[in-house]
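Let chain A serve as the given structure and place chains B and C on it in line with the hints.
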Amino acid sequence: MDGPFATAFSLIASGDAALMQIIGLSLRVTLSAVLLACLIGLPLGAALALARFPGRGAVIVMFNALMGLPPVVAGLVVYLALSRSGPLGSLALLFTPTAMIIAQTLLILPIVVSLTRSVVEDLWAEYREQLLSLGAGRLRAVPTLLWDGRVSLLTGVLAGFGRASAEVGAVLIVGGNIAGHTRTMTTAITLETNRGNLGLAVALGIILLTLTLTLNAAAWGAGEWAKRRLG
Amino acid sequence: MTAAILPLELRAMGYAVGAAALLSDITLTIPAGRRLMVMGANGAGKSLFLRLCHGLIDPTSGQRIWADGSARPAAQAMVFQRPVLLRRSVVANLDYPLALTGMAAQERRFMIARTLDRFGLKDMADRPARLLSGGQQQRLALARAWAMRPQVLFLDEPTSALDPSATRIIEKMVAQFSEDGITIVMTTHNLGQARRLAQDVAFLHSGRLIERARAADFFVEPQTAQARAFLAGDLIW
Amino acid sequence: MIHARRFILSATCALALLAALPVTAQEFITVASTTSTENSGLFGHILPIFRAETGIEVRVISQGTGQALETGRRGDADVVFVHARAQEEKFVANGYGVQRFDVMYNDFVIVGPDTDPAGLRAAADAKAAMAAIASAEASFASRGDDSGTYTAEKALWAAAGVEPAGAWYLSTGSGMGATLNTATQVPAYALTDRGTWLSFENRGDLDIVFEGDPVLFNPYGIILVNPQKHAHIKAEQSQAFIDWIISDAGQAAIASFEVGGKQLFFPRAN
Numbered sequence: 081m082d083g084p085f086a087t088a089f090s091l092i093a094s095g096d097a098a099l100m101q102i103i104g105l106s107l108r109v110t111l112s113a114v115l116l117a118c119l120i121g122l123p124l125g126a127a128l129a130l131a132r133f134p135g136r137g138a139v140i141v142m143f144n145a146l147m148g149l150p151p152v153v154a155g156l157v158v159y160l161a162l163s164r165s166g167p168l169g170s171l172a173l174l175f176t177p178t179a180m181i182i183a184q185t186l187l188i189l190p191i192v193v194s195l196t197r198s199v200v201e202d203l204w205a206e207y208r209e210q211l212l213s214l215g216a217g218r219l220r221a222v223p224t225l226l227w228d229g230r231v232s233l234l235t236g237v238l239a240g241f242g243r244a245s246a247e248v249g250a251v252l253i254v255g256g257n258i259a260g261h262t263r264t265m266t267t268a269i270t271l272e273t274n275r276g277n278l279g280l281a282v283a284l285g286i287i288l289l290t291l292t293l294t295l296n297a298a299a300w301g302a303g304e305w306a307k308r309r310l311g
Numbered sequence: 187m188t189a190a191i192l193p194l195e196l197r198a199m200g201y202a203v204g205a206a207a208l209l210s211d212i213t214l215t216i217p218a219g220r221r222l223m224v225m226g227a228n229g230a231g232k233s234l235f236l237r238l239c240h241g242l243i244d245p246t247s248g249q250r251i252w253a254d255g256s257a258r259p260a261a262q263a264m265v266f267q268r269p270v271l272l273r274r275s276v277v278a279n280l281d282y283p284l285a286l287t288g289m290a291a292q293e294r295r296f297m298i299a300r301t302l303d304r305f306g307l308k309d310m311a312d313r314p315a316r317l318l319s320g321g322q323q324q325r326l327a328l329a330r331a332w333a334m335r336p337q338v339l340f341l342d343e344p345t346s347a348l349d350p351s352a353t354r355i356i357e358k359m360v361a362q363f364s365e366d367g368i369t370i371v372m373t374t375h376n377l378g379q380a381r382r383l384a385q386d387v388a389f390l391h392s393g394r395l396i397e398r399a400r401a402a403d404f405f406v407e408p409q410t411a412q413a414r415a416f417l418a419g420d421l422i423w
Numbered sequence: 337m338i339h340a341r342r343f344i345l346s347a348t349c350a351l352a353l354l355a356a357l358p359v360t361a362q363e364f365i366t367v368a369s370t371t372s373t374e375n376s377g378l379f380g381h382i383l384p385i386f387r388a389e390t391g392i393e394v395r396v397i398s399q400g401t402g403q404a405l406e407t408g409r410r411g412d413a414d415v416v417f418v419h420a421r422a423q424e425e426k427f428v429a430n431g432y433g434v435q436r437f438d439v440m441y442n443d444f445v446i447v448g449p450d451t452d453p454a455g456l457r458a459a460a461d462a463k464a465a466m467a468a469i470a471s472a473e474a475s476f477a478s479r480g481d482d483s484g485t486y487t488a489e490k491a492l493w494a495a496a497g498v499e500p501a502g503a504w505y506l507s508t509g510s511g512m513g514a515t516l517n518t519a520t521q522v523p524a525y526a527l528t529d530r531g532t533w534l535s536f537e538n539r540g541d542l543d544i545v546f547e548g549d550p551v552l553f554n555p556y557g558i559i560l561v562n563p564q565k566h567a568h569i570k571a572e573q574s575q576a577f578i579d580w581i582i583s584d585a586g587q588a589a590i591a592s593f594e595v596g597g598k599q600l601f602f603p604r605a606n
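Protein chains in written order, with my numbering: chain A, 81 to 311; chain B, 187 to 423; chain C, 337 to 606.
Hints in this document: simulated from the structure, not taken from any laboratory.
Capping the alpha-carbon separation at 35 angstroms, the derived lysine-lysine pairs in DSBU-like fashion look like this: (1) A:K307 / B:K358; (2) A:K307 / B:K308; (3) C:K426 / C:K570.
On a predicted model such as this, the values are computed, not experimentally measured, just so you know.
Only chain A is shown next, with the shape it has when bound in the complex (with noise of 0.2 angstroms):
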């Protein structure tokens, strides 16, 4: 068929500068907003899993359960606190790229926490008296669990770089979807629907896709590599 795969091809081939922008900054949002999850996420999943405090189990539940959190909710949190009436607005980063990675870090930081904290509490359970018997402490023992764990925490990064790419609330409510500035894949898919152009629509849909499997497909080869070279 000549349909949407032709149009997705052409669009490419074409390198139009507005698409390649769309892109580009969907791109950056995302992958932003994943690399701000992991540096919060991975050391709160792992405290998470070797602390012991009162509420430990409730702050569980609450990251267990926040990993269906609606996107809209998420952006419409963002929306509130940086809205020029609500408290962050003095800021002036509503309708910015950067409220958009904002909202993608909330909309994916349970799901990095919740994984982080599984894996390292499994690997923990394995490694526990060995560590201490090399004379690492708790402390200590959380680089090392999160680097031994990489390969299953390589999931949970995906698994929240696959929502972060594919969501649409967050970013339409937090951007704005304004043409040149704020407008990601998933927004203008959005829009290109709304006009029912909805070949253009699965196009741009096929492109986003191609991305993703592409990321994916790194990924998986780096985890397979990590996994025959160290183990």
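Structure of chains B and C alone, referenced to chain A:
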């Protein structure tokens, strides 16, 4: 060299979980330079005893007193039945505990090179530790313990998962450790191995230390009925 | 292992830099407008002309009229550009906006299945057309949101003396495009602004079945958000945009916007 941490003196040491006493009233002095075999039937508390001595857990009653007065001296190491090797190269596994002690990088490199050499691990220095065979993994675990320059080495059934040839290699290494002056405290259910390696024997039964003897005496003339039965069981096998 | 770690560390730093990379800082204003103007492509046509003349970038957020006014109320846009006169006047009266200017108009049309089961093509006026849909209980897809189009629709039902309810009345709660997509599928009648309809591509069997009644007239107004409510409002550049769009140059730009050879919006300033 750091201060001598041995002898290790256990005074009425016990460990209980709730109302269940898993180990009770163990009074024992572990002197420097000897090879002590901790023996007993399954469930007698041998592994728990090693963990308490090594400081992985603390006794719930009695005392564990090291000669240097510290709560848990650094100059000790333990080799587990199933060693946990980090998902890294052989070299990185050796480097890990050394880095934890704050040893300078140059000294660490020197120490690792010596260890690889001594334990015949040079060829596999850069291989992933997790992909080694069982015997090689246990050899690396011993090498890692040795690199930490312990005064006392605890071994918990180090060969029970290994085939006879790997077992022989490990036994030879343990003997060499001992010749280097490292005190050995080891559990095993392999009586042949106990006979080959033991200088002293501590016999546990139901969480209590019921016999403590020189190996030569213990294997010839056990003092308790339980030890006699245990050794007799060996003949049936 | 150490190398892998170092690699990850540097990759991390590179990404962090990428994230921190500032967007080209330029003079810009933010305009909250409606889906009808954005979806039709009007802004894509006129904004480059304005930018070429003034150097000011206009960032458009397209929302429903109600949401766009709320965005203005919160101070998240400098200018609102919408089509719901009563709401706009209230916005100004409440002190959120400085002054409302007429900009342009288009009109609403009723689209529906080509077979026209409710016989709208024969309707005398918009009131009769709405009544015909209700009495035939023909499917009707409604925006059901806070938009100017929905406001107009409600006024039409009220004029026809109909309280729309029942299985035939589909409240989509979404934008114009999504509602038209629904109407195409059912198929159902729907009220839409002509601009969105002309640039809409997924029409299926739908066609315009009623148009031309003066009550379907759809005026757009533009309002500067009150800088006295929100000190950060870029009043000067925003006023420049408003001045331009109601000037002869701006009005000419609007008039020259066509889709498929048809003019979508008609200048109306002054």
